[in-house]
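The sequence shown runs 1 to 269 under the UniProt record's numbering.
Honestly, the hints are just simulated from the structure, not real lab data. A portion of the hints provided could be inaccurate.
[To be verified] With a cut-off of at most 25 Å between alpha-carbon atoms, the simulated BS3-like pairs for lysine-lysine come out as follows:
#1 Lys157 x Lys191
#2 Lys241 x Lys157
#3 Lys190 x Lys158
#4 Lys266 x Lys244
#5 Lys158 x Lys266
#6 Lys133 x Lys158
#7 Lys190 x Lys5
#8 Lys269 x Lys186
#9 Lys101 x Lys170
#10 Lys157 x Lys170
#11 Lys158 x Lys186
#12 Lys158 x Lys244
#13 Lys244 x Lys157
#14 Lys134 x Lys4
#15 Lys170 x Lys186
#16 Lys157 x Lys215
#17 Lys170 x Lys215
#18 Lys112 x Lys101
#19 Lys157 x Lys266
#20 Lys4 x Lys269
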Amino acid sequence: MNGKKILFVSSELVPYLPENEVSLMSYETPRMVNSNGGQIRIFMPRFGNINERRHQLHEVIRLSGMNLVINDMDMPLIIKVASIPRERIQVYFIDNDEYFKRKATFTDEDGKLFPDNDERAIFFAKGVVETVKKLNWSPDIIHVHGWMASLLPLYLKKFYADEPLFSESKIIMSVYGQGFDGTLDKDLIKKIAFDGVPEESIIALEEPNYNNLLKVAVDYADAVILAAENIPADLEDYISKLEKPVLPFVPLQEFEEAYVNFYNTKVLK
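Construct all of the structure, not just a fragment, from the sequences and the given hints.
And the structure:
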């Protein structure tokens with residue numbers, strides 16, 4: 001991975017959120033690239049249940065202050081940063097008071113999905129791209145983890161299609177087990193269409209459930225990693241028909257060699 005630049009974009013990441021299959025692999029994968037000589041940047045949402053004092057998050061004024069248009073509303077973008085000391089890894093946080101101040105990640109205390117999760121996902125995708133543009137950092141690979149990050153491949157290939165910074169970047173989508181029950185807001189397809197993305201290119205999002213969100217993500221990715229042992233059958237079947245590189249599930253203890261090999265021989269070839 002010597003000198004390769006890899007952008008990691010994730011819904012969740014340890015040590016900032018509790019350990020699960022997404023948050024753990026979102027930490028282990030950049031750590032592995034870092035230790036193999038690659039250059040990394042990591043982005044995640046600044047959920048309100050992340051302890052800013054304990055993890056020493058601080059705002060990056062030069063990167064903050066932009067407004068992102070979400071469904072015809074101006075939403076201020078705040079960028080914060082923190083370090084994982086023992087790994088010398090820096091993490092960028094996408095923040096906005098309206099979307100991320102509440103003290104929870106995806107659901108309320110009754111386990112119900114927040115009604116604006118769809119807009120949070122759009123804001124996160126746009127926020128990552130706009131911040132990387134400000135950093136003027138052109139990644140070789142963009143590796144996406146978790147459903148709240150899953151609109152990024154679509155936005156990169158459609159909304160940001162003419163952005164030269166990403167013209168050579170390859171997108172990998174890691175697919176995990178069932179991320180949520182139910183559906184996001186039914187108007188998600190219209191909100192994405194507001195950004196000039198043709199509705200016929202995202203027709204699956206007429207029913208914005210987990211499987212369909214991930215189907216759109218893998219459609220616009222250049223390669224796919226099956227990052228969990230138990231992936232919904234409908235989604236696994238859909239991925240099996242794709243004509244693009246797919247890495248089957250590899251246990252955590254064996255993932256390093258498999259991922260490096262996949263990056264180098266299937267994605268960057």
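We went through each hint and held it up to the structure:
no. : hint            : result
1   : Lys157 x Lys191 : holds, 17 Å
2   : Lys241 x Lys157 : holds, 20 Å
3   : Lys190 x Lys158 : holds, 15 Å
4   : Lys266 x Lys244 : holds, 9 Å
5   : Lys158 x Lys266 : holds, 23 Å
6   : Lys133 x Lys158 : holds, 16 Å
7   : Lys190 x Lys5   : violated, 34 Å
8   : Lys269 x Lys186 : violated, 39 Å
9   : Lys101 x Lys170 : violated, 32 Å
10  : Lys157 x Lys170 : holds, 11 Å
11  : Lys158 x Lys186 : holds, 21 Å
12  : Lys158 x Lys244 : holds, 19 Å
13  : Lys244 x Lys157 : holds, 16 Å
14  : Lys134 x Lys4   : holds, 20 Å
15  : Lys170 x Lys186 : violated, 30 Å
16  : Lys157 x Lys215 : holds, 15 Å
17  : Lys170 x Lys215 : holds, 18 Å
18  : Lys112 x Lys101 : holds, 17 Å
19  : Lys157 x Lys266 : holds, 19 Å
20  : Lys4 x Lys269   : holds, 13 Å
Checked against the numbered hints listed earlier, the structure breaks hints 7, 8, 9 and 15; every other hint is satisfied.
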